[in-house]
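Q: Chain by chain, the residues run as shown.
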Amino acid sequence: MNDAAGIGEGARAAPEAPYAVEIVDLHKWYGDFHVLNDVNLRIARGERIVICGPSGSGKSTLLRCVNALETYQRGQVIVDGVLLTHDLKRVDEVRREVGIVFQHFNLFPHLTVMENCTLAPIYVRKMPRKEAEAIAMHYLTRVRIPEQASKYPAQLSGGQQQRVAIARALCMNPKIMMFDEPTSALDPEMVKEVLDTMVALALDGMTMLVVTHEMGFAREVANRMVFMDEGQIIEINAPEAFFSSPQHERTRMFLGQILAR
Amino acid sequence: MPQETRPNGTVIAYVRTAPPAPVAPPMAGLGPLRWIRDNLFSSVSNGVLTVLVIALIAWVIPPLIKFLVIDAVWSGTDREACLATPARPEVGACWAFVREWFSFFIYGPYPVAQRWRVDVFFGLLAFGIGWLLWLDAPRRDLGALFFFVVLPIVSVALLRGFPPLGLPVVETASWGGLLVTLVVAAVGIVVSLPIGILLALGRRSDMPAVRLISVLFIEFVRGVPLITVLFMASVMLPLFVPPAWSPDKLARALVGIALFSSAYMAEVVRAGLQSIAKGQYEAADALGLGYWTSLRFVILPQALKVTIPNIVNSAIALFKDTTLVFIVGIFDFLRTIEIARGDPRWATPVTSATGYVFAALVYFVICHSMSRYASGVERRLGAGDRR
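Quick note, the sequences are listed as chains A and B, same order. Take 1 as the starting number for the first sequence in this note's numbering and just add one per residue. Take 1 as the starting number for the second sequence in this note's numbering and just add one per residue.
Think of the hints as simulated: they come from the structure by calculation, not from any bench. If you're wondering where the values come from, they're calculated on a predicted model, not measured in any experiment. Hints may contain errors.
[What the hints assert, rightly or not] Ranges between beta-carbon positions, derived for each pair:
#1 A/253 x B/24: 53 to 61 Å
#2 B/290 x A/253: 38 to 46 Å
#3 A/30 x B/8: 31 to 39 Å
#4 B/138 x A/138: 15 to 23 Å
#5 B/190 x A/55: 46 to 54 Å
#6 A/238 x B/8: 58 to 66 Å
The C-beta atom is built at its ideal place from N, Cα and C for all residues, glycine as well.
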């Protein structure tokens, strides 16, 4: 699994920028509260990073800084060679290349599954409708719900909605996929269908940045594990080392708590 | 036996071995007597209320019907028809008066020879509204184009006049009646929605200047009465612009009403925008949809849907507020009734009452159809959510 980064690079076009995502000396405050403190992380193309940590540790905020849903006050976030600043044009350029899947799906309830998937390709990528629908069908088939294309989100189960959300993000043909606790809002029996979809995506060599507490999934697909607490990165390690011999006291405590169950 | 029990009968463990037999739901709430008991006399206080309401209806409705229908005078040529005589001591509504003045109520002082133009306008308006409001109508995009672009231009040419096409000019001073009421209400409603949406967006904008201007406008307009706005539009505006530029009286009132109602519409739309979950904005942003694209396809469809009842509420309020234009000397529907009821040829004790009842009926029919339409749409959209 450790050489999986190579698979990813082979599967994608020749990279222009050295890293998919470069986060350098990132700081963010909400008022006086230091949400992100000295965060440094470089993600290679095709690499799959799983971020874990207690709630409020800044994992989601970090993810959201990468596609500029959040701004930051100090440091740099460079996505696919583009430095994220307040320049809205560049921000939209970056967002097109970075797909994100939210905890609460955030599907558009007034649009069908198909329309959810084709909206951005048609109006952002300026793709002809026919082509966008063919691509949407391709990805809906990959997440194994092509038969639901004409339904509305409210008619689907949570697991199906989350798979639509994944398909919707994939329809933009993103270079990076981010997942923000994608299974936390799901009923237990639906977690697996979503994780299976994500594993399949990982096997295709997608660059992935995943915030999750699903440690089985992390073991299976992660190239590197990142543990965060209080806005800081406490430990970055390969999965085997991370789970078998965590180095930092906080990591050991955290893993002890969540793996004890 | 898959069931293990304690000596006292409590179940300890259980495994189902066969599915239970299907059972029909219990018969409930059948029969009119049962309905009456459940809905009208479910408790003592409810029963008392029911009796009181029935008594109230019995007290109000029969005299009303007597006045409006049974004792009413349906035909006649002047006041003699509607005066009490020894043979007929009680006189009800004088519908003969309404009949005689009916065309004045509809067209006001619009020249009789040209009134067919108003009829055509009513027809086009009804056609446009029907096309737009019928949700399953074919080509509703064309309907919108017709209603928002073609209809206004054609209406101005038709009502005001377009000499090259042989339509002599009819000054707005000779417009009146239901025509003016409908024109003012339609322009107010149609113009206030887009301006209101823009103001609502402006109020939520990240740009401080845009936000400030929107807030100032909304708060200022909401802080003054409509009458003030109308007075300002019709009295003060001409003081600031040269007489040659000064638009005519009706146009000034239209601008005043449109601006006034757009401030209210802005607040209605803003409530709708605020009801949209943050996740929707974020999902749209994350897909790289720009501001306007995400507004058009993601935010506004959802926000306007939840605001439909409130938009219609504003529209109804505006429709009734249009009566205030009489203050600046415009002959709206109510004003034509005011004029007619002063006609000495029809001076009877029941003339005024009849005129006002007629006005109330017309306003009620129009406003109530708006509200029925809104609740129909609401039910339909609600059904969509329950899918």
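Q: Taking each numbered hint in turn, which are not upheld by the structure, reported in ascending numerical order?
A: Numbers 3 and 4 - these are the hints that the structure violates, sorted from lowest upward.
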